[in-house]
Amino acid sequence: MNITELIVVLVTIGIVFAGVMTFVGYGSLLERKISAWVQDRLGPNRVGFDLNQPFLSMFKGFFGLGQPLADGVKFLLKEEFTPKNVDKVFYYLAPAVALSTALIAFAVVPFGPTSVLPPMVDNRIDLAVSKPNPNYQHRVYPRTNSELEKISAANPFRSELLEEAKSHSPKIELPKVAGIELGGSEIRFGIAPHLDIGVLFVFAVSSLAVYGVVLAGWSSNSKYSLFGALRASAQLISYEIPMGMSILVVVFMVGSLNLEAIVEYQAKHTWFIVYQPLGCLLFLTAIFAECNRLPFDLPECEQELVGGYHTEYSSMKFACFMMGEYTHMVTTSFLLVAMFFGGWNIPFLVTQDFPEGALGWGAKLVVFCGKMVAVIVFFMLVRWSLLRFRFDQLMSLAWKGLMTLGILNTLGAVVIIQTKPLGELSLWLLPAWSVIALLMVTGYSMTRPKPSNRFRTGIKSVDQRLSSQKELVGNRI
Amino acid sequence: MAINTKDVTWVEPPQLGLLDQLYLPAIVGGMATALKHLLETVTGTGPDATQQYPEEKPKLPPHYRGLHRLNRDEKGRVKCVACFMCSTACPAHCIDIVAAPSPWNDREKYPETFVIDELRCIYCGMCEQACPVDAIELTSIFDLTGLSREQMIFDKEKLLSVYDETVRRGTDPVRTHSGKLGPASEPGEAGLTESSSAQS
Chain A
11 MNITELIVVL VTIGIVFAGV MTFVGYGSLL ERKISAWVQD RLGPNRVGFD
61 LNQPFLSMFK GFFGLGQPLA DGVKFLLKEE FTPKNVDKVF YYLAPAVALS
111 TALIAFAVVP FGPTSVLPPM VDNRIDLAVS KPNPNYQHRV YPRTNSELEK
161 ISAANPFRSE LLEEAKSHSP KIELPKVAGI ELGGSEIRFG IAPHLDIGVL
211 FVFAVSSLAV YGVVLAGWSS NSKYSLFGAL RASAQLISYE IPMGMSILVV
261 VFMVGSLNLE AIVEYQAKHT WFIVYQPLGC LLFLTAIFAE CNRLPFDLPE
311 CEQELVGGYH TEYSSMKFAC FMMGEYTHMV TTSFLLVAMF FGGWNIPFLV
361 TQDFPEGALG WGAKLVVFCG KMVAVIVFFM LVRWSLLRFR FDQLMSLAWK
411 GLMTLGILNT LGAVVIIQTK PLGELSLWLL PAWSVIALLM VTGYSMTRPK
461 PSNRFRTGIK SVDQRLSSQK ELVGNRI
Chain B
771 MAINTKDVTW VEPPQLGLLD QLYLPAIVGG MATALKHLLE TVTGTGPDAT
821 QQYPEEKPKL PPHYRGLHRL NRDEKGRVKC VACFMCSTAC PAHCIDIVAA
871 PSPWNDREKY PETFVIDELR CIYCGMCEQA CPVDAIELTS IFDLTGLSRE
921 QMIFDKEKLL SVYDETVRRG TDPVRTHSGK LGPASEPGEA GLTESSSAQS
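Residue numbers (the working numbering), protein chains in the order written: chain A, 11 to 487; chain B, 771 to 970.
The reader is advised that the hints may include incorrect statements.
[Claimed, not checked] Below, a list of computed lysine-lysine pairs in the PhoX-like style, where the Cα atoms sit at most 25 Å apart:
#1 A:K94 to A:K233
#2 A:K460 to B:K776
#3 B:K928 to B:K879
#4 B:K845 to B:K928
#5 A:K84 to A:K70
#6 B:K827 to A:K70
[What the hints assert, rightly or not] Where chain B lies over chain A, by a calculated footprint (3+ residues, C-beta under 8 Å):
#7 44-56
#8 390-402
#9 439-453
[To be verified] For each label pair, taking beta carbons as the anchor points, the in silico distance ranges come out as:
#10 A:E89 to B:E826: 32 to 42 Å
#11 A:L369 to B:K827: 45 to 55 Å
#12 B:V781 to A:S471: 21 to 31 Å
#13 B:E826 to A:Q49: 12 to 22 Å
#14 B:K806 to A:L16: 46 to 56 Å
#15 B:I892 to A:F237: 36 to 46 Å
#16 A:Q49 to B:I892: 30 to 40 Å
To be clear, the hints were calculated from the coordinates, so they are not data collected in a lab.
All values derive from a computational prediction rather than experimental measurement.
The C-beta atom is built at its ideal place from N, Cα and C for all residues, glycine as well.
Construct the complete structure from the given sequences, taking the supplied hints into account.
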């Protein structure tokens, strides 16, 4: 990696970090506004940018847009209280883990137009024939022309192979970076674009967030924190399984874990919400639980429990947990949009080549981020529509409901994709199968006996027990 | 004492159908309600409950029980006749009156000092009901502040100035009949005859 590349990456990270943090701040304002509107209130509308100066009075109020800044200042200036008997190392490490894992997961999230580069040959060769093995094709994606040249130059053996492969196959062309070239250089919408393990990376890193939770609860040396951490970690671990299952079919159909490839597949075909409504529902439910959002906000339970794993945290350390959760929300919303709602794609309006040039990537950026914001607004609306689950209900939903659905969905989809019973139309069996699987599981759950909340019979009261004892031993006393 | 199981009637929960068991229609319905409220509030068609308080004062009902005032008669004197009815009626014992012989002919006594501890007061309005001469009234002033407990003990001058201020603002018209003093303040026979004639 040369120094220019490094600078470009660092600048991208800086921009993304600033953007995400700004969105996290204003996301909290949006959350408060939406909470207020749903409850027929107005929400924060006092803190503007007038800084209490009369000559700035025109910036007073301003829909409360100064609120996130005020919150940030408050968090920084509040007393940084560390309880006496905490395990200092882990106590300080936990918020850092919580925030940084959420931010690292953002590295592979494409938040703007992406283009999958045409497949190139793999540099692994079939030793028997000393030619590119066709089985390995479609696997390596050099990112730009310059990178391709660099790789070729760095590996003369490979460049030979490349020339040979070019002459062999008309499919192999130099990468075309449609719509993202500007002034000769690439504009990147993602810190690590074209990463082939995209989805896997997000899942792997975001599941590390549970370490932040566990460390916080354990090191705080407090019962409330420990129980909060137990609740939270049980929930996070449970819901990772249906989350992973829900996207399996998507990955099968695209044949890649690369998020850009998934988006492009949807741009060429149909959004996965159409093929995979059940997968989308499972993923949506799982990310609600993963982000600790209502109706699964048992780790925190604002209204009825003492805090959660962050009970003993104050000021900026507490804010780190909150920011981590919001960043996680942003990341998973981008994932949901990229995997089920077509990414930057809007059929007939914003397609692979339709608005060209700068207008094209601008439109795609706006569409992608707009969809993400819509998902976040949906998150916030759900908060005021649904009741919180009880903990046993939460667990039985994940292990009995969502996992069964995930397995059924995956199995059925694999059978449909492999056997193709209706030829070209087989893909339309997928949504039908989704509905059937959902109804099957629901119907089965209806046949199960419901837990009763009635008085248990056959339990004797204290008086009855005493009298029966007297009957037994009475004569002797 | 536990409830006797014989006294308990159990209501069976409704049997859920297939769609109900899915919960999805109910969730969509709930979200529609939330969305309806959101849109109503954003477009301003919903219930307009919020007042922008310091800029926009609440409209209080005329019988609101706020800060006390001591009314003046038509000559600008304090109406109070120091009968101690209010301080007797007061459940919080927050009214302290020192009576003195009246310098005026139309009554025997007048309050030399009239002190209300506004922090003790529970704003029940019983002083106003007890007053025979409509001298004490509760106004609609509710945003009462002070920097110390001593500041919240209002003397006669302060209470009279509350009257002047509320009359000037026009927010609290004198609720009871102003001008002439009530019958109890009429000295001697005149008061009795007037009250009896008024009754008959």
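Against the structure, the hints:
{"no.": "1", "hint": "A:K94 to A:K233", "verdict": "holds (15 Å)"}
{"no.": "2", "hint": "A:K460 to B:K776", "verdict": "holds (24 Å)"}
{"no.": "3", "hint": "B:K928 to B:K879", "verdict": "holds (20 Å)"}
{"no.": "4", "hint": "B:K845 to B:K928", "verdict": "holds (18 Å)"}
{"no.": "5", "hint": "A:K84 to A:K70", "verdict": "holds (19 Å)"}
{"no.": "6", "hint": "B:K827 to A:K70", "verdict": "holds (19 Å)"}
{"no.": "7", "hint": "44-56", "verdict": "holds (count 8)"}
{"no.": "8", "hint": "390-402", "verdict": "holds (count 5)"}
{"no.": "9", "hint": "439-453", "verdict": "holds (count 4)"}
{"no.": "10", "hint": "A:E89 to B:E826: 32 to 42 Å", "verdict": "holds (36 Å)"}
{"no.": "11", "hint": "A:L369 to B:K827: 45 to 55 Å", "verdict": "holds (52 Å)"}
{"no.": "12", "hint": "B:V781 to A:S471: 21 to 31 Å", "verdict": "holds (24 Å)"}
{"no.": "13", "hint": "B:E826 to A:Q49: 12 to 22 Å", "verdict": "holds (20 Å)"}
{"no.": "14", "hint": "B:K806 to A:L16: 46 to 56 Å", "verdict": "holds (52 Å)"}
{"no.": "15", "hint": "B:I892 to A:F237: 36 to 46 Å", "verdict": "holds (43 Å)"}
{"no.": "16", "hint": "A:Q49 to B:I892: 30 to 40 Å", "verdict": "holds (32 Å)"}
Comparing the model with each numbered hint stated earlier shows that all of them hold.
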